[in-house]
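Taken in order, these protein sequences are the chains called D and W. Under the numbering used here, the first sequence has 107 at position 107, and the numbering climbs by one with no breaks. Under the numbering used here, the second sequence has 326 at position 326, and the numbering climbs by one with no breaks.
None of these hints come from the bench; they were simulated from the model. Honestly, I wouldn't trust all of these hints.
Facing chain W, a subset of chain D residues (Cβ under 10 Å, in silico) [claimed, not checked]:
id : residue
1  : Pro-10
2  : Arg-16
3  : Ile-25
4  : Phe-35
5  : Thr-42
6  : Ala-56
7  : Ala-99
8  : Val-128
9  : Ala-134
10 : Ala-145
11 : Val-149
12 : Gly-152
13 : Ala-155
14 : Trp-173
Once the Cα atoms are required to be at most 20 Å apart in a straight line, the calculated SDA-like pairs of lysine to any residue come out as [what the hints assert, rightly or not]:
id : chain 1 : residue 1 : chain 2 : residue 2
15 : D       : Lys-8     : W       : Trp-505
16 : D       : Lys-9     : W       : Gln-349
17 : D       : Lys-115   : D       : Asp-62
18 : D       : Lys-9     : W       : Trp-28
Covered stretches of chain W, as calculated for chain D (at least 3 residues, CB under 8 Å) [unchecked claim]:
id : segment
19 : 184 to 198
20 : 223 to 230
21 : 241 to 255
22 : 378 to 385
Using N, Cα and C, we set each Cβ at its ideal position, and we do this for glycine too.
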Amino acid sequence: MSDAALLKKPWQSMARQRDAGTFGIWVFLASEMLFFGALILTYTVYRVSDPAAFTAAARETDIWYGTINTAILLTSSLTMAVAVQASTAALGFRRLIVACLSLTVALGVAFLVVKGFEYKEDIEHHLVPGLHFALAQPAAQIFFALYWVLTGVHAIHLTIGLGLVSRLALLIWRRKLVFDDNPEIEVTGLYWHLVDIIWIFLYPLIYLPGRAS
Amino acid sequence: MSDALATGNLPFPPRPDYLRNGRTVTSWLTTTDHKRIAILFALAITFFFFLAGAAITAVRIELLSPQGHFMTSDTYNKLFSFHGIVMVWFFLVPSIPNTFGNFLIPMMIGAPDVAFPRLNLLSWYLFMIAGLVTVYMLVAGGVDTGWTFYTPYSTMFSNTHVLAAAAGVFIAGFSSIASGVNFITTIHMLRAPGMTWFRLPLFVWAIYATSIIVVLATPVLAISLMLVIAERWLGLPIFDPAHGGDPILFQHLFWFYSHPAVYIMILPAMGVVSEIIPCFARRRIFGYDFMVYAMLAIAGIGFFVWGHHMFVSGMSPYAGLVFSFLSFIIAVPSAIKVFNWTASLYRGQISFDAPMLYALGFVGLFTTGGLSGLFLASIPVDVHVTDTYFVVAHFHYIMVGGSVSAFFAALHFWWPKITGRMYPESWGRFGAILMYFGFNLTFFPQFLAGYLGMPRRYHTYPPEFQIYNIMSSSGAAILAAAYLLPLGYLTWSLFYGKRAGSNPWRATGLEWTTTSPPPPENFDSQPRVDRAPYDYHPEGYSAGLGEPEVQNAREVE
């Protein structure tokens with residue numbers, strides 16, 4: 001059975017190993033929540049202390065790039081979820097799994113490309129805090145400082161996710177990895193969804209303030 | 001094998017123990033054996049301990065005279081900052097969890113290894129990279145912000161290597177989190193048959209509570225240091241008051257980690273002492289359930305007391321009230337533990353071997369440190385003693401008197417298990433007593449000097465405080481000797497020490513049922529557990545002199 005190939009030290013049963021893998025990644029995700037939580041707290045504190053500057057600054061962001069990226073990332077979570085389901089079904093969906101994982105990678109790269117264009121535009125519009133900053137309010141610089149930190153840290157997480165997913169896709173494509181019921185796929189999937197969920201919080205915090213009024 | 005023969009069992013086939021299972025350097029650097037990784041961590045933190053100890057020795061020599069003749073104020077600032085940063089993140093935080101926790105958790109719960117052995121090794125490499133960055137920081141010229149990296153000094157004004165220091169601590173955080181995730185998963189998923197939650201040794205509970213704090217608090221430290229790095233390196237004005245930034249926010253983020261971090265450093269020590277006291281008093285631990293709940297309560301409440309570091313930083317009186325109240329509340333579970341340790345001694349047959357001396361020293365010093373903490377939780381007294389040597393003394397009573405004493409207790413208690421050799425007992429006792437007196441001579445005068453108003457972190461001081469500083473510095477010399485002494489005799493015992501049997505202390509606990517040193521997979525057959533821990537001296541019976549009825553892996557088939 002495929003179980004023998006997947007069983008690792010120090011486990012005696014595949015079910016236990018799988019439970020431990022998902023349990024471990026959930027504990028890690030809890031840690032990640034506090035990581036981004038601290039950043040979002042910082043954002044909240046400053047937004048409460050100078051709401052006008054924050055809305056003015058948020059209006060300078062490009063909502064199109066942000067919205068397109070949200071759609072891209074949500075779709076990538078769908079393809080990732082399909083890959084995980086296809087793997088746990090254990091019915092030999094090798095091509096489906098490879099296709100979905102590759103699509104996930106492609107969408108993740110597309111996100112980074114769009115983000116790159118957005119960064120380029122931001123730099124051209126002098127939205128990097130410093131001497132020639134575009135906006136007059138002092139706290140607008142804090143908004144953009146947090147914008148760069150939040151999206152930057154998110155992009156780093158996404159890049160790590162890209163590495164993990166492309167590794168799986170490549171190994172399964174080259175038949176180097178058992179794909180049916182392999183807990184690695186589910187664990188990677190959970191991490192990918194975290195990256196997605198973080199973005200769902202970042203999108204309204206960065207792009208939506210000041211748009212309605 | 002002679003044990004097995006004596007009890008009438010067939011001998012198991014000979015197999016190498018974990019120390020002799022591969023002799024090359026590569027076999028150590030690529031090992032996934034939790035016991036070897038524990039040794040790797042132990043070597044690393046010993047190095048950092050003596051490095052940071054050397055820095056503070058220079059500081060103590062400097063403080064002998066009020067004017068300070070040996071170094072400039074800048075050098076002084078760099079030395080105490082280096083001492084703080086390295087002692088906290090490169091010794092105390094990883095000390096007990098990553099050495100004894102790593103070594104003992106799988107053995108205590110009857111598992112062959114931790115849940116994620118490769119992650120465990122990665123944690124060590126991350127730690128070494130972090131250590132390398134920090135050593136680079138020292139060689140490049142040091143940092144003068146203190147271990148707290150307060151903004152705006154760290155972000156805008158300090159002209160030292162803040163970036164390298166912050167980056168080192170940032171990377172060390174990943175190592176902490178990796179180990180924390182690993183321990184939590186191990187304790188949840190790898191307990192032996194019959195090892196229910198309330199049969200876990202208290203040391204395992206302590207590491208469990210510690211790991212929860214590590215996993216939930218360390219990311220906040222990572223963020224606060226990352227923002228310092230972003231402001232310093234990229235010029236993003238996050239804590240810059242000129243742009244509406246708030247330096248106090250940094251303090252909130254920093255202490256949200258760094259107060260729980262105090263419990264990261266003390267909870268494992270409490271676990272160690274809870275193992276040693278029952279063994280050397282031949283008594284079941286008093287109030288096992290309450291000990292567990294107390295540790296979990298400390299871990300939980302510990303997240304909500306950080307504001308007591310900031311009573312003078314400017315905070316709403318209502319917030320101050322709540323933080324003060326909670327800081328008093330957290331003394332309750334700590335007191336429960338002290339009372340239970342004491343009650344465990346009652347009607348025990350106490351023997352004063354070196355681990356027990358260290359453990360009893362821990363109880364006394366932790367109580368002193370904890371009681372002085374109540375002074376600091378009370379706002380009016382705190383305002384008076386903030387940033388004085390009173391705080392320094394309080395902190396060191398918990399961290400050095402508490403955690404470091406417990407570290408040495410654990411080192412002596414499990415040394416036979418880890419190395420297979422006994423340490424020389426009289427030297428061990430002498431070292432324990434020397435450390436206790438050296439410690440008190442160093443830090444008790446600081447309570448007095450601090451209460452009288454001597455500020456901390458100053459290079460020079462008014463002459464009326466000289467007597468306290470001379471006492472303190474002479475104590476530090478004794479303390480240094482007491483730390484170097486075990487380095488000598490423990491190394492000696494590696495080669496010439498008496499061979500230890502599987503269970504030299506006649507202790508309960510699964511780790512004592514396997515050979516010393518243990519085989520690579522810890523147990524020859526899967527251990528099974530059918531009773532609660534600390535089965536030493538059941539209620540109503542006098543303590544026997546023979547072996548306690550422990551579960552012996554070699555007897556269960």
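To see whether the hints hold, each was checked on the structure:
For Pro-10/D, the suggested interface contact is upheld, since its CB lies about 4 Å from the closest CB of chain W, less than 10 Å. Hint on Arg-16/D holds. Least Cβ distance to chain W is approximately 6 Å, under the 10 Å limit. Given hint, Ile-25/D at the interface with chain W, holds; its Cβ is 8 Å from that chain's nearest Cβ, closer than 10 Å. A distance limit of 10 Å between C-beta atoms decides the matter here; for Phe-35/D the minimum to chain W is near 4 Å, and the interface restraint holds.
For Thr-42/D, the interface hint holds, the least distance from its beta-carbon to any beta-carbon of chain W being 6 Å, beneath 10 Å. Taken as an interface hint, Ala-56/D does not check out: its beta carbon lies about 13 Å from the nearest beta carbon of chain W, beyond 10 Å. Contact between Ala-99/D and chain W, as hinted, is not supported at the beta carbon level, the nearest pair being about 29 Å apart and thus beyond 10 Å. Look at Val-128/D: its Cβ gets to within about 9 Å of chain W, closer than 10 Å, so that hint holds up.
For Ala-134/D, the suggested interface contact is broken, since its CB lies about 14 Å from the closest CB of chain W, more than 10 Å. With a cut of 10 Å, the hint placing Ala-145/D at the interface with chain W holds, because the nearest CB-to-CB distance is about 3 Å. Because the beta carbon of Val-149/D sits about 6 Å from the nearest beta carbon in chain W, less than 10 Å, this interface hint is met. Residue-level restraint check for Gly-152/D holds (minimum Cβ-Cβ distance to chain W is 9 Å; threshold 10 Å).
Using the Cβ-Cβ criterion of 10 Å, the hint placing Ala-155/D at the interface with chain W is not satisfied: the shortest such distance is roughly 14 Å. For the restraint placing Trp-173/D at the interface with chain W, the shortest Cβ-Cβ distance is roughly 24 Å, beyond the 10 Å limit, so the hint is violated. For the hint linking Lys-8/D to Trp-505/W, the alpha-carbon distance of about 35 Å lies beyond 20 Å, and the restraint is violated. Distance hint between Lys-9/D and Gln-349/W is unfulfilled; the C-alpha atoms sit about 42 Å from each other, more than 20 Å.
Proximity of Lys-115/D to Asp-62/D is assessed by CA-CA distance (about 11 Å); at most 20 Å being required, the pair is judged to hold. Between the alpha carbons of Lys-9/D and Trp-28/W the distance comes to roughly 18 Å, so the proposed pair stays at or under 20 Å and holds. Taking a C-beta to C-beta cut-off of 8 Å, the segment 184 to 198 of chain W contributes 5 residues in contact with chain D, enough for the three needed, and the coverage statement holds. Beta-carbon proximity to chain D at under 8 Å applies to 5 residues in the segment 223 to 230 of chain W; the threshold of 3 is reached and the given coverage holds.
Counting residues of the segment 241 to 255 of chain W whose C-beta sits closer than 8 Å to any C-beta of chain D gives 7, which meets the bar of three, so the coverage hint holds. By the rule of at least three residues with a Cβ nearer than 8 Å to a Cβ of chain D, the coverage given for the segment 378 to 385 of chain W is violated, with 0 such residues.
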